[in-house]
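Keeping the supplied structure of chain A fixed, place chain B upon it in accordance with the hints.
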Amino acid sequence: MPKPPPQWIVTANFTADGAVAYFRADQSFSTLLSEAAVFVTKDAAEAAVQIALANEHLVADPYLTEVAVAPQGLDALTARERIRSQGPTVRVRRPDPITASR
Amino acid sequence: MYQYDEYDQRIVAERTKQFQGQVERRLSGEIKELEFKPIRLQNGLYMQLHAYMLRVAIPYGTLSAKQLHMLAHIARKYDKSYGHFTTRQNIQYNWPALEDVPKILEDLASVEMHAIQTSGNCIRNITSDHFAGVAPDELEDPRPWGELMRQWSTFHPEFAALPRKFKIAISATPGLDRAAVQFHDIGVRLVENALGERGFEILAGGGMGRTPHLGPVIGQFVAKQDLLSYLEAILRVYNTYGRRDNIFKARIKILVHALGVEEFRARVEEEWAFIKDGPLKLTQAEIDRVLAQFAPPAYETLPPANALLDSFRLGKDRDLARFVTNNVARHKQPGYAAVIISLKEKDTPPGDMTDHQMDRMAELSERFGFGEIRVTHTQNLVLPDVKAAAVPALFAELQKLGLASANANKVTDIIACPGLDYCALANARSIPIALEIMQRFEDIDYQNDLGEINVKISGCINACGHHHVGHIGILGIDKQGEEFYQLMLGGSAGHDASIGQILGRAFPRDQIVGAVEKVLTRYLEIRSSLEERLIDVVRRVGLAPFKEALFGPPPARTAQELAHADH
Chain A
1 MPKPPPQWIV TANFTADGAV AYFRADQSFS TLLSEAAVFV TKDAAEAAVQ IALANEHLVA
61 DPYLTEVAVA PQGLDALTAR ERIRSQGPTV RVRRPDPITA SR
Chain B
1 MYQYDEYDQR IVAERTKQFQ GQVERRLSGE IKELEFKPIR LQNGLYMQLH AYMLRVAIPY
61 GTLSAKQLHM LAHIARKYDK SYGHFTTRQN IQYNWPALED VPKILEDLAS VEMHAIQTSG
121 NCIRNITSDH FAGVAPDELE DPRPWGELMR QWSTFHPEFA ALPRKFKIAI SATPGLDRAA
181 VQFHDIGVRL VENALGERGF EILAGGGMGR TPHLGPVIGQ FVAKQDLLSY LEAILRVYNT
241 YGRRDNIFKA RIKILVHALG VEEFRARVEE EWAFIKDGPL KLTQAEIDRV LAQFAPPAYE
301 TLPPANALLD SFRLGKDRDL ARFVTNNVAR HKQPGYAAVI ISLKEKDTPP GDMTDHQMDR
361 MAELSERFGF GEIRVTHTQN LVLPDVKAAA VPALFAELQK LGLASANANK VTDIIACPGL
421 DYCALANARS IPIALEIMQR FEDIDYQNDL GEINVKISGC INACGHHHVG HIGILGIDKQ
481 GEEFYQLMLG GSAGHDASIG QILGRAFPRD QIVGAVEKVL TRYLEIRSSL EERLIDVVRR
541 VGLAPFKEAL FGPPPARTAQ ELAHADH
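Same order as they appear, the protein sequences are chains A and B. Here the numbering used here is used: the first residue of the first sequence is 1, the next is one more, and so on. Here the numbering used here is used: the first residue of the second sequence is 1, the next is one more, and so on.
Please note that a few of the clues may not be correct.
[To be verified] Each computed DMTMM-like pair below joins lysine to aspartate or glutamate, with the alpha-carbon atoms no more than 20 Å apart: (1) B:K547 to B:D536; (2) B:K518 to B:E442; (3) B:K37 to A:D17; (4) B:K103 to A:D17; (5) B:K224 to B:D288; (6) B:K66 to B:E363; (7) B:K224 to B:E197; (8) B:K17 to B:E35; (9) B:K32 to A:D61; (10) B:K37 to A:E56; (11) B:K400 to B:E366; (12) B:K518 to B:E436; (13) B:K32 to A:D17; (14) B:K37 to B:E24; (15) B:K479 to A:E81; (16) B:K80 to B:E99; (17) B:K80 to A:D17; (18) B:K479 to A:D75; (19) B:K37 to B:D100; (20) B:K332 to B:E140; (21) B:K387 to B:E397; (22) B:K37 to A:D61; (23) A:K42 to A:D26; (24) B:K547 to B:E517; (25) B:K80 to B:E345; (26) B:K281 to B:E270; (27) B:K17 to B:D107; (28) A:K3 to B:E482; (29) B:K281 to B:E197; (30) B:K77 to A:D17; (31) B:K387 to B:E363; (32) B:K346 to B:D319; (33) B:K77 to B:E106; (34) B:K37 to B:E99; (35) B:K103 to B:D8; (36) B:K32 to A:E56; (37) B:K77 to B:D107; (38) B:K479 to A:E66.
These aren't lab readings, by the way, just hints derived from the structure by calculation. Quick caveat: nothing in here was measured; it's all calculated off a predicted structure.
Isolated chain A (complex conformation):
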């Protein structure tokens, strides 16, 4: 089967608490991978990184990463990005309330 064309999202960490941040289509930031804007060209994704860099009071160290668009939503393609999107895979002593979008 031919490999699907690559698609990208832009991610960073929130400045206030370091939480994982995803760039939304409206140029705001979400904690949820499912709300990330998907870019079909690398140039568009890199332009979004520049927008994120201009919002450094909100987020830090933005970068782009590839994703797969699956029927159930976006899939991170590496172990690192899967763990970033879902949180630690081991028990955290006092977990947050159910993660809410911000």
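Then chain B, alone, in the frame of chain A:
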């Protein structure tokens, strides 16, 4: 233990206030991450995968009850009710909000603690033997010398921007090493020469990470009053000649091995000649001032502990017997013992402790000792001054807290870095591997049958989990975005230090613990006696039997290969 004077208190308070302003400017957008990063790192604040992480220094691993209560308070108020004790005798908080960090630093300063120089290219927390001051086999307590080094290195203006980070450890027990001194940028051994004089043997250029090296001896015997000037000379040579063009070649170990030991030593001696008799020469008054802070506590006169501890080991309470056998160490003071509190409970990441456990442990340190707690580089705690007669009562209290695992130095007493669950540098997870090993080998009788085995797991080549020096070492690697693990055998951080060797191809996540089990099974099959430890067997027979257990017999050699070998 050392107490801050007015000067110490003032500089820590000023530093906290300064950082508060920097945080405010970062949150307002006045300064950008690129500018803020070196500032936050100088204050021990990292950005990890999901949150900031604050690393707090615990000098030479010694805490007071008051300090441990404060660490509990910080975990409860600003984090998720736990802290993580590390292989450098620090504690890390994994979830602080940026705006809270200055408040945390204020709280730390109120109990004479800080996070200064727990990151960045500077001299980090000075570490030491966790039994320092109570070990019957040590020459003397190494911590006063650790404290002198801490005071010398804190805010040292010349060494605030070294080529790379710099770690120093000190030990004072001849023929034993509980501080891994051979794997530090500088290792300091308190020794006695043929004349009965005490001084220091100084090693430099040890380390783990990408290129592990055992540190060679640079200074054979440095007099006590010359300790700081000799260290200063080493740091000056490193600061001058260490590489700054390549982060992977910037540690002192690369310089020492590039120059050769003789040339490196010659440059140190040359530098030392200029400064030896300068202001860094320690006066007896200064040494005495610091020694007084570490005076032994008011021990009672008691009969020797051995018979009593033996009676516990042989008693009907088998849980207590196992605990005393594995977790209770001899003490220099008759009637007392040092007790290892394992932070390797099933289902709990190695080194993690809740706020509740910290508070109760602080109380136990006062009830069963003199209000002092030690943090070990193996991610456990020690209560250093427990009356032998009180060990059963302490054990009962530890059981209530879920801190009574009798697994010190056993296969489940695992060192593991935070790995890819938390760390931005990691390639693979460490904690789930540790938890699976703990679960699979939880039968304490099986662990006792295996004997002393150190398992050390790192999630990347930086080796925070000390995988190079594990009897069994596990290194997480990345293969096309997925987690794999290399298995190695034969490492040791002790006086008989050695670097582990890789057994073969890396294992996927779901096979690595099975591979460890095969190694253990083969070890039990081929050990020559119950006393022969895994590390001894590896040194006796090499890796071949273990490779065969993992990968099958080696392929038969062709006639051509055999003929070539004959040549």
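Verification of the supplied hints:
| no. | hint | in the structure |
| --- | --- | --- |
| 1 | B:K547 to B:D536 | holds (17 Å) |
| 2 | B:K518 to B:E442 | holds (16 Å) |
| 3 | B:K37 to A:D17 | holds (14 Å) |
| 4 | B:K103 to A:D17 | holds (14 Å) |
| 5 | B:K224 to B:D288 | holds (12 Å) |
| 6 | B:K66 to B:E363 | holds (9 Å) |
| 7 | B:K224 to B:E197 | holds (10 Å) |
| 8 | B:K17 to B:E35 | holds (18 Å) |
| 9 | B:K32 to A:D61 | holds (10 Å) |
| 10 | B:K37 to A:E56 | holds (13 Å) |
| 11 | B:K400 to B:E366 | holds (17 Å) |
| 12 | B:K518 to B:E436 | holds (15 Å) |
| 13 | B:K32 to A:D17 | holds (15 Å) |
| 14 | B:K37 to B:E24 | holds (14 Å) |
| 15 | B:K479 to A:E81 | holds (14 Å) |
| 16 | B:K80 to B:E99 | holds (16 Å) |
| 17 | B:K80 to A:D17 | holds (13 Å) |
| 18 | B:K479 to A:D75 | holds (18 Å) |
| 19 | B:K37 to B:D100 | holds (17 Å) |
| 20 | B:K332 to B:E140 | holds (11 Å) |
| 21 | B:K387 to B:E397 | holds (15 Å) |
| 22 | B:K37 to A:D61 | holds (10 Å) |
| 23 | A:K42 to A:D26 | holds (18 Å) |
| 24 | B:K547 to B:E517 | holds (13 Å) |
| 25 | B:K80 to B:E345 | holds (19 Å) |
| 26 | B:K281 to B:E270 | holds (17 Å) |
| 27 | B:K17 to B:D107 | holds (12 Å) |
| 28 | A:K3 to B:E482 | holds (18 Å) |
| 29 | B:K281 to B:E197 | holds (18 Å) |
| 30 | B:K77 to A:D17 | holds (15 Å) |
| 31 | B:K387 to B:E363 | holds (16 Å) |
| 32 | B:K346 to B:D319 | holds (16 Å) |
| 33 | B:K77 to B:E106 | holds (13 Å) |
| 34 | B:K37 to B:E99 | holds (15 Å) |
| 35 | B:K103 to B:D8 | holds (18 Å) |
| 36 | B:K32 to A:E56 | holds (6 Å) |
| 37 | B:K77 to B:D107 | holds (11 Å) |
| 38 | B:K479 to A:E66 | holds (16 Å) |
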